[in-house]
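Peer 1: Sequences listed follow chains A and B, in order.
If you count by this note's numbering, then the first sequence holds residues 1 to 167, one letter each, in order.
If you count by this note's numbering, then the second sequence holds residues 1 to 210, one letter each, in order.
Some hints here could point you the wrong way.
[Claimed, not checked] With a cut-off of at most 30 angstroms between alpha-carbon atoms, the simulated BS3-like pairs for lysine-lysine come out as follows: (1) A:K104 x B:K41; (2) A:K76 x A:K40; (3) A:K76 x B:K95; (4) A:K40 x A:K104.
Hints in this document: simulated from the structure, not taken from any laboratory.
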Amino acid sequence: MDTALLILLVLLALAIIAAFWKGRWTLVWAGLKQTGRTLKAMWFRILLGMALGGFIQVLVPSASIAEWLGPASGLKGILIGSYVGLFLSGGPYVILPVVAAIYKAGAGAGPVIALLAGGLLSVQGLITWYIPFLGVRLSLAKYVVCLFVPPLVGLAGGAVFGLLNLS
Amino acid sequence: MKTEAQSARIQPVIKLVRRTDPTLVILIVLLSVAVGLAFLKGGGQLAWLGVVQAGRLLETVWLRLPLGFALGGLIQVLVPRAVIARWLGPASGVKGILIGSYTGIILSGAPYVMLPVVASLYLAGAGAGPIIALLTGQALLALQNLIVWQIPFLGVGLPLSKYIVCLFIVPLVGLAGSAVFKLLGRLPDLEAKRDLSASGAGQKEGADKT
């Protein structure tokens, strides 16, 4: 059994025990109903996201991905990964299948970690959600600082990945 | 007369467009473009290869995903949003930024659920630093995101490395964000927040509410 699946099973068992302890079967059932609602809302988008990931894998040759974002791409790969985030939009069901496809095609840990953190920079998120709810000043203050975050996370994350050796 | 008939004919189409989920439309358009490009580049064979790759991804995550969803559902019923609001409050300084950063670990939900909660904390008197730390923490440290999405799709090593680094970076973003917020004093703030800051009583009132 793979480690990711094992960790998920252990965490799920703990959450079920905590829910049962706090509110008996009523709370466990409420959690499962919440799960059903999320699945119902997402299943079709997830399938479309995976299909998109599959097509990106066959459309963008592995050699190009390795050149732009591969382990040997260094700082250039991390910067490309970081600022692709400016154009990222959609939920994790769109972004994760695409990122997983890029990773499988040969991208390095640092650029992929920068790409994940680059979601912070989504221009669509800033315009659609942050400015309407929090105003211009606060949203822009956060955005300006976050412009520097993905490259830092990519550089440090790549180093931590090497140290953990968990691939 | 002709215009009325035409508008009557397009009414159902307008209704359908309004009801359609924009994310779904964007996904369908992107997928259609990708399928079209695959056909142009390598005919049916490359398009089929794309479907096969998608199938491989599905094979990896089909069991992990529902487990992640179940865990996400249980976390949502175990940690009520009201408790999170009470923890964050109008705290200021480094303490507030640290609370904001690490509250992001348990805060989850779509932007339309989360941003109204964060905006209400801000209007109740929370500082810019803790709010920026909270928003960044939610984006980079949310456990639900790690468990439901990142581990199922990318395995353990990559998401965990990112998570460890972000544990240290998020409070720094809160601190730097607070300084940048002060520098951007000429930009418009939320109307209600500006009114509160104009009078010390308003700020105190906001603090008392939380």
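Peer 1: Straight-line Cα separation of K76 (chain A) and K40 (chain A) no greater than 30 angstroms?
Peer 2: The hint is violated at about 40 angstroms.
Peer 1: When you check the alpha-carbon spacing of K40 (chain A) and K104 (chain A), does it fall within 30 angstroms?
Peer 2: 28 angstroms, holds
Peer 1: Within a Cα-Cα threshold of 30 angstroms, do K104 (chain A) and K41 (chain B) meet the stated pairing?
Peer 2: 21 angstroms, holds
Peer 1: Please work out if K76 (chain A) and K95 (chain B) have their alpha carbons no farther apart than 30 angstroms.
Peer 2: The hint is violated at about 36 angstroms.
Hints 2, 3, counting from the list given before, are not met by this structure.
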